[in-house]
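Required output: the full structure, derived from the provided sequences and hints.
Each chain is listed here by its residues.
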Amino acid sequence: MTKEEILHLGNLSRIKLSEKEAEKFLLEIDAILDYVSDVKKIASSADVLPSPQVVHNIFREDVVQNEPGSYSKELIEAFPKKEGSYLKVQKILNPDS
Amino acid sequence: MTITELRKKFITGEYTPLQAWEDAMATIAKKDSDINAYLDVYQDTKEEAVAATDLYAKEGENTPPLLGVPLAVKNNILIKGRRATGASKILENYIASYDATIIKKLREAGAILIGSTNMDEFAMGGSTENSAFGPTKNPYDTSRVPGGSSGGSAAAVAMDSVVAAIGTDTGGSIRQPASYCGLVGFKPTYGAVSRFGLMAMGSSLDQAGPLTNSVADAELLFNIIKGQDANDMTTLAPDSYPTFETKEAYTFGVPRAFLGQGIDADVMDKFTAHIEVLREAGHKVVDIELPLFEAGLAAYYIVMPAEVSSNLARFDGIRYGVQKEGEDLLMTYLNSRAAGFGAEAKRRILLGTYVLSAGYYDAYYGKAEAVRAKMREELAEVFKAVDFVITPTAPTPAFKIGEKEDPLSLYRQDIFTVPVNLTGVPAMSLPMGKVEREGLELPVGVQYIAPHGAEDKLFNIGKRVYDARA
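Sequences listed follow chains A and B, in order. Residue numbering for the first sequence is 0 to 96, as defined by numbering that gives the first Met the number 0. Residue numbering for the second sequence is 0 to 469, as defined by numbering that gives the first Met the number 0.
Careful: at least some of the hints might be erroneous.
[What the hints assert, rightly or not] Computed Cβ-Cβ distance ranges for the label pairs, DEER-style: (1) B/ALA312 <-> A/TYR70: 16 to 26 Å; (2) A/SER17 <-> B/GLY80: 32 to 42 Å; (3) A/GLY83 <-> B/LEU328: 49 to 59 Å; (4) B/LYS399 <-> A/MET0: 30 to 40 Å; (5) A/SER69 <-> B/ALA312: 50 to 60 Å; (6) B/MET232 <-> A/SER84: 26 to 36 Å; (7) B/ALA342 <-> A/GLU82: 33 to 43 Å; (8) A/SER71 <-> B/GLU91: 16 to 26 Å.
FYI, nobody ran anything at the bench for these hints, they're computed from the structure. Even for Gly, the Cβ is constructed at its ideal location relative to N, Cα and C.
Put into structure tokens, the structure is as follows:
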């Protein structure tokens, strides 16, 4: 693995990494990957993900479980940025591009 | 002190919930500046203790089973109106908007939740050093870790502020701190206890459970928090597993080859002595083979970070939590998560993202899940011949704070506990004596592993071996 790959993983994971962090993670993640590669020796190429033996419906009925609005106050209070009871976010469409 | 003893005193009136509450607060005030077991202490619960005291005076033993019992709860479990941080900076000021199912059940049983406990960030670690709010210290030796990730819960019980606490266990996070702090730590069968309202770490591995001073208390708490929940579709229907008869004499299997390396000599001596105790009590102890268990740790450090990277994707600083605004939305994500997560969380997210990425998925995640399936088969085969598999809970007693800087050396502490989560079976850590380090006595634990759904058998043997000790 290279430092560039670590920085790329940072981007994919939406975590900005400093150069110093990337260098440290490079060494550590390389060592961990080396260690966990043992699984390849144990599971042969023929081994695939097991499929469930018995399948049955585990979904609950799709019904409203609480009074409308009963959690709104708490959820809105937790918004980092808001306007009235709206969650305020940055624009995601860039008119220049 | 145990819940059972406390309850007896509450019923006779010899000691009241209010006195217990006041004593708990006094103990925290006296000891917690050293130990740092608690993240928040709920001083406003005094009224509940007063009400419980009144109810015992009126109704005595006809009160709910945990009435007035002060408990502490790991801070990755949501309690409505309380701060739920997961010991992460990214949720530093997050207030839970609802109760976890297990919290609801504990309240219905009358428990008084007096505080939230410290932990490794999002339950990632085995020492509670990864908390954004500073490490918790081991009450037996404050230069050492209490274990983790439920280290705050373990320390809260070991320092006698509460008689029991709730933790979560993804790879040993209840059992290992129980071992380091001289407690009973119980990890239920996967699916026995609802995960609704728990911050997900490894969704296929996580279970909540109790840390207690007796097996009877662990059983009592488990029977209160367990059960199928419409809000967690991985919870089990009551008839999911066969029932197990308790026996007079059990057979224990020792995976001898697995114990071959890396165990502290004093821990091994205690383990050998514990086996003798079992033999003297009339149980049979035989050597067994579990060759795949040695690969468990490798499979775990693929499956778990993969699930972590997915679960922690929700923390983006948009709807709740810490937000560090950047020039555009992408930079806001990148900055918020960079500032909000600690090093171990970042390490596991990166690793998980890697093993799940196109081209590597089959080589890592696919193989790890295949190993996991084989481990299940291997264990099921062993359970045809033995009732329990027995190992030390951890290879060493509590280590020094700051001693394990290399992540792999810390991961190796989980070698005996992670196969249990990978296979989904229940297991319990019991104190098996103390070893001496630098003139101080440090507790160490023994782990009993049982087949899926065989909780009753675990409690039966645990009560006979541990609770009944003179």
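Comparing the hints with the structure gives:
1. B/ALA312 <-> A/TYR70: 16 to 26 Å: The hinted range 16 to 26 Å holds for B/ALA312 and A/TYR70, with Cβ atoms some 22 Å apart.
2. A/SER17 <-> B/GLY80: 32 to 42 Å: holds (37 Å)
3. A/GLY83 <-> B/LEU328: 49 to 59 Å: violated (21 Å)
4. B/LYS399 <-> A/MET0: 30 to 40 Å: With a Cβ separation near 31 Å, B/LYS399 and A/MET0 satisfy 30 to 40 Å, so the hint holds.
5. A/SER69 <-> B/ALA312: 50 to 60 Å: At roughly 27 Å between Cβ atoms, B/ALA312 and A/SER69 fall outside 50 to 60 Å, so the hint is violated.
6. B/MET232 <-> A/SER84: 26 to 36 Å: holds (31 Å)
7. B/ALA342 <-> A/GLU82: 33 to 43 Å: The hinted range 33 to 43 Å holds for B/ALA342 and A/GLU82, with Cβ atoms some 36 Å apart.
8. A/SER71 <-> B/GLU91: 16 to 26 Å: holds (23 Å)
When held up to the earlier numbered hints, the structure conflicts with 3 and 5 and fits the remainder.
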